[in-house]
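Make a model of the complete structure from these sequences and hints.
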Amino acid sequence: MKKAFKWVVPMSLAGILAACGGNDADSSTEEAQNGGDEGDTPSDVVETGDVDQGVEASGDEDVVLDMWIHQTGEDETDFYIERIDAFNEANDHIHVNAEIIIDDGGSSYSDAVNASLVAGNLPDVLALDGPYVASFAEADILMAVDDYLSDEDRSDFVDSILEQGSYNGELYSLGAMEASVPLYYNKDIFEEEGIEAPETLEDAWTWDEFMEVAQELTTEDRYGLNMFMNYGVGEWLTFMGAPFVWSNNGDIISEDGTTSEGYLNGPETLEALEYVKSLFEEGVVDLTPGEMQFEEGNAAMALGGPWIAVSAEDADLNWGMMPYPYSEQMKSPSGSMAYGVTTSSEHPDEAFELMHWMTNEESVEGLSEVTGMPPARISAFESMDKYQELPWSIMREQVIETAHARPQTPAYPVLTDAFAQAFHAAALGEDIQPVLDQQVQRVERELQRFND
Amino acid sequence: MARKKFRLKTREGREAVTGYLFLLPALILLTIFLLYPMATAFYYSLTDFYILRPNDINLVGLANFQMIFSDLEFRNALTNTLYFTILVVPIQISIALGLALLVNKNLKFKIFFRTAYFSPVVMSLVVVSILWTFMYNPNEGLINELLGVFGIPPQSFLTSPDQAMNSIIAMSVWQGAGFQMMIFLAGLQNIPKHLYEAADIDGASTFQKFLHVTLPGLRNVSMFIFITITIAAFKLLVQPMIMTQGGPLGSTKSLVYHIYEVGFNYRDVGYASAMAVVFTLMVFIITIIQRLVVKEERG
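Chains as they are written, first to last, in our numbering: chain A, 16 to 467; chain B, 2 to 300.
Hints may contain errors.
Label-pair distances were calculated between CB atoms; the ranges are [stated by the list, open to error]:
(1) ASP329(A) to ALA117(B): 34 to 42 Å
(2) GLU328(A) to ILE131(B): 22 to 30 Å
(3) GLU141(B) to ASP203(A): 19 to 27 Å
(4) TYR37(B) to GLU328(A): 48 to 56 Å
(5) ASP100(A) to LEU24(B): 47 to 55 Å
(6) LEU212(B) to ASP452(A): 50 to 58 Å
Far from chain A, some chain B residues (derived; all Cβ distances over 12 Å) [to be verified]:
(7) LEU102
(8) LEU147
(9) GLN190
(10) GLU198
(11) ASP201
(12) ILE202
(13) PRO217
(14) ARG220
Note that these hints are calculated values from the structure, not bench results. The beta-carbon is built from N, C-alpha and C at its ideal position, and this holds for glycine as well.
Below you can see the structure in the form of structure tokens.
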């Protein structure tokens with residue numbers, strides 16, 4: 016008996032882990048290399064808090080809606096709260112309880128959503144990342160909203176936002192903001208080297224032209240291009256990198272979403288990744304760039320998100336935007352957080368009203384001003400002055416004309432990791448085809464779950 | 002009524018009851034946070050539980066366990082974890098013992114060195130991982146700068162499939178060894194002085210004293226450290242998650258990280274639970290083997 020008891024301690028440590036499927040936040044006693052204060056992996060830090068709302072529920076409201084929004088930046092969250100308060104004020108019979116959940120770019124937000132899903136207490140309206148709409152729609156967690164949206168209103172959203180929000184021909188989500196990746200450039204360096212940057216989509220560089228310029232701009236002291244490989248092997252690589260494949264007339268999954276065989280490992284994808292590989296092999300791109308490589312002038316060009324414009328401006332860089340380079344057809348990255356109404360909502364009409372409010376012209380334009388992200392509505396692009404001229408006109412043209420949503424498949428979490436792994440293998444200079452074939456096996460296994 | 006019963010018992014019986022009463026709070030917590038989740042995980046391992054379909058859980062028998070055998074990623078993660086453990090355990094124990102012997106000497110600034118060696122343990126592993134990621138940066142990192150002083154060409158560390166795991170091992174040893182150093186130190190100070198005095202009279206050299214007095218005196222402490230380091234090494238998660246996301250090319254994907262990804266990112270709780278059950282069994286078996294080895298040494 017005594018002997019058996021000795022087992023409890025070591026066993027239990029293994030058990031905690033096993034039981035939680037990898038959450039090691041609980042065991043703190045016997046940490047050989049984890050030390051005393053361990054377990055704060057980003058995914059464990061799920062801080063939630065109620066919104067400090069100016070408008071209190073008076074108790075007379077007929078309808079109370081719960082809403083979850085993600086928090087990435089303070090200004091953005093403040094803006095959401097402002098808009099929710101305005102909604103509460105404009106609708107006497109509805110009161111919205113919003114909960115802000117930290118989104119660290121890792122999995123903390125989706126962990127929180129998953130937990131409440133299993134517990135069966137989802138809110139009426141929730142924010143979710145664009146590529147996850149398909150999973151939630153497939154599992155009947157989100158409600159289709161086609162019937163609620165007028166045709167006129169619908170046509171004001173940019174195509175990529177509707178594409179991102181649709182699954183099997185039905186619309187499930189609407190987003191207020193878009194995202195894009197332009198080709199940033201350092202104007203001073205371009206002037207020095209006498210290189211002229213294209214100013215419209217028509218003049219966009221082809222892959223060959225792009226390679227040539229990038230090589231020319233690469234010197235002993237600086238790289239020609241920054242691809243922000245420091246973000247790690249994750250969603251960024253799919254977001255930024257998949258347009259290389261689409262542009263080359265390829266795709267990473269079949270159009271009906273049933274197979275990746277012949278797509279993710281197809282010749283177009285291979286060719287696109289070979290091109291990416293050559294950028295690294297030529298020494299044009301840095302596999303491990305510092306956080307501010309482009310802003311500090313150590314890379315002449317950068318394929319970065321809209322936030323790079325903000326940090327470049329802060330760093331007093333003389334910067335500009337060019338269109339994403341292309342092979343056969345012009346494609347550019349797209350997609351951001353969006354809203355959905357859950358099927359468990361008892362007030363779907365009001366819930367849609369709220370979701371629509373958060374994506375109406377005023378919200379879309381205001382959010383774009385606060386975050387610097389491009390708006391999701393064409394009307395906002397037209398009314399905002401900054402999008403009428405360079406450099407932001409490039410982003411407007413990309414979002415409206417060349418933006419391509421990431422695939423709408425419930426297997427997306429596996430698919431995006433598969434592509435990111437392959438992209439990273441290309442960057443490392445590995446033999447790409449075997450990696451692609453191996454990744455296809457993973458995706459196919461995951462797809463089986465949905466194809467039956 | 003219960004009280005009456007106790008009175009009837011012998012003194013030993015009463016003591017036992019008191020003992021178990023003291024144990025009770027721990028047992029309750031253990032049940033809620035450990036035994037119950039373990040049982041749940043075992044149940045899930047027999048089902049097709051997919052997070053997005055919490056109301057549609059079906060028993061699938063041993064299908065999840067069968068899948069493990071054909072899962073190349075599982076095999077890769079297992080290999081990586083074993084590699085990590087086999088290297089980390091002896092290196093970390095030797096360094097911890099070495100440090101303990103050093104700071105046990107009557108040196109100047111003894112307290113300072115003890116604190117310095119122990120300080121990495123106090124830091125959050127996440128913070129340490131991020132700091133070391135900077136230090137390992139091939140272009141701007143501190144370590145390559147230092148190597149450059151000695152004329153060694155820059156290494157790619159975390160971005161090379163061959164070096165990434167070794168880099169994580171080095172960082173893990175640095176972070177963790179201080180903790181075992183303190184335990185060894187306590188062990189060293191428990192060895193009676195008169196044994197050393199007796200050895201001196203016998204004319205033993207320093208090395209002989211280490212071999213025949215110090216090491217045997219540390220046997221129990223060493224076993225404790227050996228087992229705990231092994232278990233903790235198997236649980237490798239934070240370092241690859243923060244530093245490499247399991248890459249490059251899966252070279253630092255650990256078992257626990259793989260289980261985490263399958264369960265939370267890919268939402269396949271059933272399969273993740275099955276892997277967790279297998280993982281627990283493996284750790285259990287390894288711990289038993291370790292205990293058996295100690296027993297033989299005692300005999």
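Results of checking the hints against the structure:
Remark: the range hint 34 to 42 Å for ASP329(A) to ALA117(B) is upheld by a beta-carbon distance near 38 Å. The hint said 22 to 30 Å for the Cβ distance between GLU328(A) and ILE131(B), and at roughly 26 Å that hint holds. The hinted range of 19 to 27 Å is satisfied by GLU141(B) and ASP203(A), whose Cβ atoms lie roughly 22 Å apart. Between TYR37(B) and GLU328(A) the Cβ separation comes to about 53 Å, which falls inside the hinted range of 48 to 56 Å.
Here the CB-CB span from ASP100(A) to LEU24(B) is close to 53 Å, well matched to the stated 47 to 55 Å. At about 55 Å, the CB distance of LEU212(B) to ASP452(A) agrees with the hint of 50 to 58 Å. Here LEU102(B) stays apart from chain A, with its beta-carbon at least about 19 Å from theirs, past the 12 Å limit. Every CB of chain A is more than 12 Å from the CB of LEU147(B) (nearest about 17 Å), matching its label as outside the interface.
The beta carbon of GLN190(B) is kept farther than 12 Å from every beta carbon of chain A, the shortest such distance being approximately 21 Å. Here GLU198(B) stays apart from chain A, with its beta-carbon at least about 34 Å from theirs, past the 12 Å limit. Every C-beta of chain A lies more than 12 Å from that of ASP201(B), the closest at about 35 Å, which supports listing it as non-interface. No Cβ of chain A approaches the Cβ of ILE202(B) within 12 Å, the least distance being about 38 Å, so the stated non-interface status holds.
Residue placement check: PRO217(B) keeps its beta carbon more than 12 Å from all beta carbons of chain A (closest about 22 Å). For ARG220(B), the requirement that its beta carbon stay farther than 12 Å from each beta carbon of chain A is met, with the minimum near 16 Å.
In this structure, none of the earlier numbered hints is contradicted; all agree with it.
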